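Engineer: Okay, here's what each chain looks like letter by letter:
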Amino acid sequence: MIEVQDLTKAYGPVTAVDHVSFSVNEGEILGFLGPNGAGKTTTMRVLTGYLPATSGTAKVAGFDVTTDSLSVRRHIGYLPEAPPLYPDMSVSGYLDFVLRIKNVPAANRRARVDDALTKTNLGDKRNELIKRLSRGYKQRVGLAQALVHDPLVIILDEPTVGLDPKQIIEVRHLIKGLAGTHTIILSTHILPEVSMTCDRVVIINKGKIVAVDTPQNLTTQLRGAQKIHVETQAPEKAFAELLAQIAGANAVKVEPARASGHVTATVEAGAGKEIRNLIAAKIVEKGWPLYELRGVSLSLEDIFLQLTTDDAAHAQASNN
Amino acid sequence: MRSVYAIYRKEMGHYFVSPVAYVVVSLFFLVTAFMFSQYLRAVVEQSFEMGPDFDGPSQLLRAFLGLLALLSLFFMPMVTMGLFAEERKRGTMELLMTSPVRDVDIVLGKFFASLTLFVVMLLPTASYVVYVWLHSDPAPPLRVLLSGYLGVLLFGGCLLALGSFLSSLTESQIIAAVLTFAIFLFLWVISFGTRDTESVLGQVIQYISVIGHLDDFERGIIDTSGLVYYLSFIGFFIFLTVRSIDSLRWRRA
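Residue numbers (the working numbering), protein chains in the order written: chain A, 1 to 320; chain B, 1001 to 1253.
Isolated chain B (complex conformation) (with noise of 0.2 Å):
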């Protein structure tokens, strides 16, 4: 657990020391504030046409986190491009490796330092969904835009796993990068087109894709299926980042 500390410790800072942080966190917030204004715009001159049985906060809300999530698809490749590809590069994967620390440690320090930046990025934006919970009336449910934000930062650890992961297979930031925003990419689209099948195929289709799990908490539900897909994509992923990083040992240095 020390171990797992002083590493997290490392990388929180690692991106605070460096710019990573500031200019991902700050890009975020600024593409965010814009789309948000322009939604809000949107959805209150729709109510205006739909007249009183239009539900614009929810819509809105909705509509916000769906954007979240497709932003993170763009920035968390920037978060975890480096995690293991520049340790590499450096060499001091050799210092990490030949210290008493096991493996998962140091997956599992990184990766949390990445889940906080993502929260770090989050938490602005907050603010803008609180502003609108206070003014609407009737306000929509508090579980709502809850278990929305844990839906959002569900969908983003599974980005950062898949990332770290990615990242721990090349000593290229860039391949890492690329990779990891294509195969997440993949993972969303795949469902397309397979909404309204019946057929076994077209759900477990629907059910690998990771987009589809994040409706559910849009709307307020927390789905245990979700919940567990989610959870099992992270927990997969650390797995094999670990085994990627066990298999360095093995490689050809």
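If we strip away everything but chain A, and leave its shape as in the complex, we get (with noise of 0.2 Å):
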């Protein structure tokens, strides 16, 4: 449904999406993960037929967005960053209006309204002047204008941003139950979203992308060293041999631990392996008190740092 070649867009001197490839196929959910500036808005405005790109190419729904912009822009429903209202507005008119710019014929304007309304659960503020509404309510109207006109291609720049706990987690089962018969793509920076939202994930970092796949992958597949955290009362030296001992501990770090005079230490062990038990068993045998025994798994949170601090780091390198 979407594909992306080689798509760069520089301002001037700035290149704020560097040769940036995927492809979204049809009914995903695409998660667009990456810190503030890493050209998330960029990409997704020249996927609009808002910005021209650079260099490559893009295709929504079949037609180029450089060469065929229109077609592009009857496809799609965009919400940006801001939600695009107007204030004098009441909510239904705000909507018809959207539909009638969409090339929506009268017949199903009311209609798709409604439909809209109920998806994003604005029914009992239709009449109200968009200015009257909160934050969270006027987020909802963008996003009931982003699919008013029930177009293939949904991108949502930061969706979520502005709710309550209750309306995000209402949105994203909106956005949930919208995959299948429509495509999108949405922006955040917000971990845990796009674990619960997204079927794949692009992170992009400085304009590059870093990393593409499902979420799930994402956090196994950076798993491969387990931490774990033990905490006991015991000295020091003593402390760290013993855990050396222990097979598959591979880097051990021993650190006092706060005024309670425990120590505690972070193991890495290999990946599949479990030590845990072996770990508890040598502690007991001395004598030591245990207090604490877990382990640390990597959330996106942990991947996303690596990644993106990696790769800044790498750069850093090259330029030296």
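Just so you know, these hints were derived from the structure itself, not from any lab. It cannot be assumed that every hint is accurate.
[Stated by the list, open to error] Pair ranges (Cβ atoms, derived):
1. B:1200 <-> A:87: 29 to 39 Å
2. B:1200 <-> A:68: 48 to 58 Å
3. A:21 <-> B:1171: 29 to 39 Å
4. A:6 <-> B:1119: 45 to 55 Å
5. B:1243 <-> A:132: 29 to 39 Å
6. B:1119 <-> A:107: 27 to 37 Å
7. A:177 <-> B:1119: 42 to 52 Å
8. B:1206 <-> A:132: 32 to 42 Å
9. B:1016 <-> A:67: 31 to 41 Å
10. A:67 <-> B:1089: 28 to 38 Å
Since this is a predicted model, take the numbers as computed values, not measurements. Cβ atoms here follow ideal geometry from the backbone N, Cα and C, with glycine treated the same way.
Bring the two chains, given one by one in their own frames, into a single complex with the hints.
Structural biologist: This is the structure:
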């Protein structure tokens, strides 16, 4: 449904998006993950025909965004970072206007407005002026605007910004419900959002794609090195020696804990090896009290940081 | 065409839902009404002095049409300043530019909406003129009246086209309004002092000036040169506006 090949967008000397390639299948939800200024918004703006690409091609629903922009725009719904609202309009009047500029015939407009209002839970605000709505409602009107004409592709730039936790869950449900019949790209810097809603994730940093995979794969792939956290009360040196004896414990880092007089250690174990039971047995054998023993699983957060900081370190190394 | 109408409809809604239209139309009505009564009194007094050779109604009509042009210089910048500047500031330009409407549709829809507002502003003033026309003997020819209003409408159209172009250049409505006023005033006064020159430069400046062409319309003459001037002025600035909107895509957002 969406094909992006070597897409580059430069603003003068600054390259915001640098040779990015990815594709999105029909009915899929693709998450765009990256820190602020990574090039998420720019990529989306190119896909929606708002900005021209400097080089490379992008196709949406089979149409090229540069040469056939109007056809692309006919098939997309787009929610920019700030919802594009007219404060003087009523919610339903605004959606009707959006349908008009999306070339939806008059006969379908009423039903489409009703449908979008139901989907976004705005039924009771239909005649309210947009300027009187709270931030969360405005965001929902923006979302309604992106899906009101039932487009093939929906592009959402940080759709859950400004919503309260309950609304965030509602919006995520809504987005998940749209998948299948719609192809969706959403950008975010909130990681749980990606693991909860997206089929695939593109991690982007400084205009370059760092990783493309399913959220599950990304988590397991980087869980290769398992970390274990141990807390006990023992002489530091003896504790370190004891841990070093255990087969499979690779890197051991022992630190004196806070005021309690405890000692904590972080142990890295090889992938798939269970050594927590061995550690427990050894400590008990010594007669030390065992206060804590837990595996630290890498969250998407860690992966994200790892990927984006690695990249930065690489860039620095190549500069020197 | 449907897109032009969609934009037009939205703009009209914006004018008449918000206080913009009511403030502009009623202020314009008030000022023109006051000035018209002053002009009428002056003309009546003058005609007592000058005797039967004095063509009072025509004098009054010409003075009043000139006033309409002058007032529109003050009022039009208020109408056009928000056309694009506000959309850009609000971020709604992004909605319009990612919808299947061409840039020219957006510009035309907005231009015709502002022109409609100008017609709504002019309509009440026609009642005074018709009143004079009905009560003067001999009545000035109807075509003077009609061509005069056509001239004012074209003149206002030029202001609107220039105003919408300047509004597309900036996110600040104040800057758009001030520039519209200043540039149009410059195009107005540029011909002062060249009125009787025979030199080519003088004649060129005379032609470029926006106000010179209005004289003919006020006399009941629809001169092709004036018509061509006004229509190409409007067309040129609408074209520039379309290009300016397109260039938004290329500038750093």
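Engineer: Verify the CB-CB distance for residue 1243 of chain B and residue 132 of chain A against the hinted window 29 to 39 Å.
Structural biologist: Distance hint for residue 1243 of chain B, residue 132 of chain A holds at roughly 37 Å.
Engineer: State, for the Cβ atoms of residue 1200 of chain B and residue 68 of chain A, whether the hinted interval 48 to 58 Å holds or is violated.
Structural biologist: holds (49 Å)
Engineer: State, for the Cβ atoms of residue 6 of chain A and residue 1119 of chain B, whether the hinted interval 45 to 55 Å holds or is violated.
Structural biologist: holds (52 Å)
Engineer: If you check the beta carbons of residue 1016 of chain B and residue 67 of chain A, does the distance land in 31 to 41 Å?
Structural biologist: Given about 40 Å between the Cβ atoms, the range holds.
Engineer: Does the Cβ pair residue 1206 of chain B, residue 132 of chain A satisfy 32 to 42 Å?
Structural biologist: 54 Å Cβ-Cβ, so the 32 to 42 Å window is violated.
Engineer: Given the range 29 to 39 Å, decide if the beta-carbon distance of residue 21 of chain A to residue 1171 of chain B lies inside it.
Structural biologist: 34 Å Cβ-Cβ, so the 29 to 39 Å window holds.
Engineer: Can the suggested window of 28 to 38 Å be confirmed for the beta-carbon pair residue 67 of chain A and residue 1089 of chain B?
Structural biologist: holds (31 Å)
Engineer: Does the Cβ pair residue 1200 of chain B, residue 87 of chain A satisfy 29 to 39 Å?
Structural biologist: violated (53 Å)
Engineer: Using the Cβ atoms, figure out if residue 177 of chain A sits within 42 to 52 Å of residue 1119 of chain B.
Structural biologist: The hint (42 to 52 Å, Cβ to Cβ) holds, given that residue 177 of chain A and residue 1119 of chain B are roughly 48 Å apart.
Engineer: Would you say the C-beta atoms of residue 1119 of chain B and residue 107 of chain A sit inside 27 to 37 Å of each other?
Structural biologist: For residue 107 of chain A against residue 1119 of chain B, whose Cβ atoms are near 32 Å apart, the range 27 to 37 Å holds.
Going through the hint list in order, the structure does not satisfy hints 1 and 8.
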